Amino acid sequence: MAVLVIADRDGDTVRDTTHKTVTAALKLSGDVDILVIGQGSKAAAEAAAKIAGVRKVLLAESGALSHQLAEAVTATVVGLAGSYDAILSPATTDGKNFMPRIAASLDVAPISDVIEVVSNDTFVRPIYAGNALETVQSSDGKKVITVRPTSFDAAGEGGSAKVETIAGADGGKATFVSEEMVKSDRPELGAAKIVVSGGRAMGSAEEFQAVMDPLADRLGAAVGASRAAVDAGYAPNDYQVGQTGKVVAPALYIAIGISGAIQHLAGMKDSKVIVAINKDADAPIFQVADYGIVGDYKTVVPELMAALG
Amino acid sequence: MKVLVPVKRVIDYNVKARVKADQTGVDLANVKMSMNPFDEIAVEEAVRMKEGKEHHAAGTATEIVVVSIGVTQAQETIRTALAMGADRGLLIQSDADLEPLAVAKLLKAVVDEEKPDLVLLGKQSIDGDNNAVGQMLAALLDWPQATFAGKIVIGGGKATVTREVDGGLQTLAATLPAVVSVDLRLNTPRYASLPNIMKAKKKEIAVKAVADYGADIAPRLTVKKVTAPPTRSAGIKVADAAELVSKLKTAGVL
Ligand SMILES: Cc1cc2nc3c(=O)[nH]c(=O)nc-3n(C[C@H](O)[C@H](O)[C@H](O)COP(=O)(O)OP(=O)(O)OC[C@H]3O[C@@H](n4cnc5c(N)ncnc54)[C@H](O)[C@@H]3O)c2cc1C
Ligand SMILES: Nc1ncnc2c1ncn2[C@@H]1O[C@H](COP(=O)(O)O)[C@@H](O)[C@H]1O
Numbered sequence: 001m002a003v004l005v006i007a008d009r010d011g012d013t014v015r016d017t018t019h020k021t022v023t024a025a026l027k028l029s030g031d032v033d034i035l036v037i038g039q040g041s042k043a044a045a046e047a048a049a050k051i052a053g054v055r056k057v058l059l060a061e062s063g064a065l066s067h068q069l070a071e072a073v074t075a076t077v078v079g080l081a082g083s084y085d086a087i088l089s090p091a092t093t094d095g096k097n098f099m100p101r102i103a104a105s106l107d108v109a110p111i112s113d114v115i116e117v118v119s120n121d122t123f124v125r126p127i128y129a130g131n132a133l134e135t136v137q138s139s140d141g142k143k144v145i146t147v148r149p150t151s152f153d154a155a156g157e158g159g160s161a162k163v164e165t166i167a168g169a170d171g172g173k174a175t176f177v178s179e180e181m182v183k184s185d186r187p188e189l190g191a192a193k194i195v196v197s198g199g200r201a202m203g204s205a206e207e208f209q210a211v212m213d214p215l216a217d218r219l220g221a222a223v224g225a226s227r228a229a230v231d232a233g234y235a236p237n238d239y240q241v242g243q244t245g246k247v248v249a250p251a252l253y254i255a256i257g258i259s260g261a262i263q264h265l266a267g268m269k270d271s272k273v274i275v276a277i278n279k280d281a282d283a284p285i286f287q288v289a290d291y292g293i294v295g296d297y298k299t300v301v302p303e304l305m306a307a308l309g
Numbered sequence: 001m002k003v004l005v006p007v008k009r010v011i012d013y014n015v016k017a018r019v020k021a022d023q024t025g026v027d028l029a030n031v032k033m034s035m036n037p038f039d040e041i042a043v044e045e046a047v048r049m050k051e052g053k054e055h056h057a058a059g060t061a062t063e064i065v066v067v068s069i070g071v072t073q074a075q076e077t078i079r080t081a082l083a084m085g086a087d088r089g090l091l092i093q094s095d096a097d098l099e100p101l102a103v104a105k106l107l108k109a110v111v112d113e114e115k116p117d118l119v120l121l122g123k124q125s126i127d128g129d130n131n132a133v134g135q136m137l138a139a140l141l142d143w144p145q146a147t148f149a150g151k152i153v154i155g156g157g158k159a160t161v162t163r164e165v166d167g168g169l170q171t172l173a174a175t176l177p178a179v180v181s182v183d184l185r186l187n188t189p190r191y192a193s194l195p196n197i198m199k200a201k202k203k204e205i206a207v208k209a210v211a212d213y214g215a216d217i218a219p220r221l222t223v224k225k226v227t228a229p230p231t232r233s234a235g236i237k238v239a240d241a242a243e244l245v246s247k248l249k250t251a252g253v254l
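Respectively, the protein sequence lines represent chains A and B. According to our numbering, the residues represented by the first sequence are 1 to 309, in order. According to our numbering, the residues represented by the second sequence are 1 to 254, in order.
Only chain B is shown next, with the shape it has when bound in the complex (with noise of 0.2 angstroms):
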């Protein structure tokens, strides 16, 4: 089975963002970037359905496929990806931040391309927030899609997926190819050792063109401005629960 796994570059997790003071977006200069933490995920995966680690068989997957779309550092990310042990990667240059309609149509040109089995991504990008590509992808194909998933079998020529939703979980069978978006307990991924780092360096990154693929990319949304949130301020240290009860009973909460 062929798996494709799309990878945003992203703002790394653990910084906060800060809005620019002109108010047209967030300040990436000088910002630490990583690979979205749930396209590590997928990644991660991938791999082991190609190691035949935990459930799966060996060879669940036989090749795995990376492809990011953004700017030209997001080949580092892509080099992450081979480094955890995918097998080839895909960069489709752009400057522009793509909307999750135009990602999802480059995507099923990349899909229409490579013909995967089964395309594996994160459920939602943290910068974005928008939780919609793998939908979106899904709808275009006319594939089933299995979001969420927090357990994924492969066999029969399905993709048996657990799903996290609100209430518990929810299982499904989707019949491959489908696409699979990953959430945060479906693994926990490797961190890439050094030789595999050193073996990473001559894999393959092709690097195309939004334009080699004449999808329509023009953006729907126009963004008026991007504002910081209403602050909360600190508010008191209470001595002990007693304290606590009767501030919560004035303030009309209990």
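The following block holds chain A by itself, in its conformation from the complex (with noise of 0.2 angstroms):
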């Protein structure tokens, strides 16, 4: 059984999705490859030839795949399906976007965001907002999987595989126009080790960012944002945590004037540590959090960093 992962680009390196999509990948085979996609990616390629375990890489480059557009991606995997008996990538919003379009065109059922493998043809994934865990077998000959970053540790450096060229396939009928990405020195939301989250409370994007950002400058953390906070414009689309937006799992998560609905859990719940400071005793999220503070964040939140020293 051979098993290809498509790798997350960032910039001259891969990001550690990748890793952990590998270790995912690597307890289905010993024969991993890793896909690296998008012009100039030559240097990611080399990245991605340094994770522990894996045989090689291979590298497309085209126009098209530089924002790894769909249509192009899917031609792409497609024509190397065939040697490979699993295709995996993560659970990002690239991942989400073509794998289901490559399983189809290989008329395979996709399975989306697997928290676990149990065995080749075996996966465990989460629904109904993480409510309830399923375990699915497929009967397919190919398996095409999302992985949950954040269920897999990532696998180590040390490798030394080869990197081999092929061909990336041209644009299909849509176009890149532009991208408006959200800039940070901050860790990425996905791989920071704390996290703080910001809720309705905070009224404002001004009162936002007055709030959270020097908490997060403090802690070296990443800000996210229930969805409420997002759609009324506090903070950037990329900053919400939940069963629709992003999956974080850090060693810290504080969630700051956020009630605690089951869509925002379904986001966060698996962090390690989790606090909560709400001015209402009987919001939800105090029923999953570790350590509580039952408080206004105008006083609690100065508090904290006066502690914090």
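Hint data in this document are derived by calculation from the structure and do not stem from the laboratory. Quantities reported herein were computed from a predicted structural model and do not represent experimental measurements. All residues carry an ideal CB built from backbone N, CA and C; glycine is no exception.
Label pairs and their calculated CB-CB ranges: (1) 232/B to 11/A: 30 to 38 angstroms; (2) 78/A to 216/B: 18 to 26 angstroms; (3) 12/A to 73/B: 50 to 58 angstroms; (4) 118/A to 246/B: 40 to 48 angstroms; (5) 203/B to 55/A: 55 to 63 angstroms.
Got two chains here, separate frames each, mind docking them using the hints?
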């Protein structure tokens, strides 16, 4: 059995979501290759080649692949699929975008957001906002899987795989127009050891930044938000933690002015330690919090900053 | 432009799903069911395209067809969409819980028949949390896809779609016909007014059987079991920030 992992590229390197997906892939087979896609990805391919346990790295470059457009990624991967029994990608927005397209092109039922590899054909995945875990067995000859990165440890470094260049497919009937990426010097939400998240309680974008940014900077944390805070424009869409946003599992998660709706809990309840600051003692967030402070964040957060020194 | 909107009947988003004791699935007996919230957003956008609301020119959409694959009661879900402003409905009746691949194949058959210019659907159903049908339908049709739409502009034979992605926003131009899946920020769906609910009762809902479409819907996945996730129990309330910091230091997370 051979497995292809589609890398999550980040400029000249690959994100640790790739390392985590490699760990899941190694549970299926010892023969794990990585595909790095996008124009100018040579350095990223070389970084991927250093991941321990990887057999070889395939590098596909074309203009259309630069933005991971689903049509071009699918055409590229389908061309390679003959040599693989399973194709894995992290459950990032890119992976979620192209993997089902790849699966349908191969007439395969995709398996989304896998949190455990039970055997070669059996996987566990959360359903109903994480309120149930489904164990599914696939009868497809090929498996097409997205992996929830927070559920797997990152594969280490120390590999020395060969990088092989392959043909990258051209564009399809969708073309890239523009992008607007949130710039931040803070750690990425999915990878941060500490996450501080703000909710509707903040009331405005200015207040959200004034409260959350200094705390995040003091803790070296990433900033997250509830859907209500994002919908109201207090925080960018990319900050949303939850069932339909990002899933995080940091060592410490601090929820400030967030009620703890099931859709929010779905994205953070696997955090090691959860702290909730909320003025409503009955807020559902306290049911999952290891440590809770009942109070107005406007007084609690400054006190927290002072206590942190 | 003709728009096809697939809608799914799912557990209401306010209900917490409970796993059945025999681990065969989630208990849906006597549970409130509603239209998948993302599908409400898709219906709302299609109706705005027809009405010429927001940035859409009036008549951007000329006909809105709603399709659901599911149990008889899914007609209520279709009826809700008709009350919001869709023109007619189609139920493909199935008592089986079909996998996204089967749903995509049935929807492809509907597209072949209806020939819409745009399929507008939810990015994810909140029961199976698959996030797959739209992308799979686009593959089967060999149409372009634009998923996770936060803004859709129709013009020049294209859908120009701003997508909510990790890291921020990405804008794509997809040549029509195309499949677009919608995200939370696209719009806030309306509540149907009483007169519109009454009017919707007169709109047509065709009912078909899965067998009418000749699609291969054989399951590929077997559910071995459905279990409850590990539970977290409530911890303690601390008096103030100083106590919190000392607890966090003891726990080794600061
Ligand atoms: C299809 C769908 C998908 C969804 N996906 C997500 C998702 O991915 N992520 C997500 O987060 N939500 C999601 N939601 C929304 C979710 O249901 C909740 O509406 C949302 O999480 C609520 O956000 P909130 O906790 O910030 O706001 P609220 O529920 O309004 O809570 C605000 C909290 O702040 C507290 N508060 C107010 N003032 C203060 C103060 N001064 N000091 C301290 N505390 C204060 C209040 O007591 C309250 O508990 C989804 C919903 C749907 C229908
Ligand atoms: N049984 C169904 N009937 C109609 N539409 C569906 C059905 N299942 C899924 N869909 C559509 O596909 C979208 C994505 O669903 P999923 O891939 O299951 O998460 C949903 O938001 C619906 O628009």
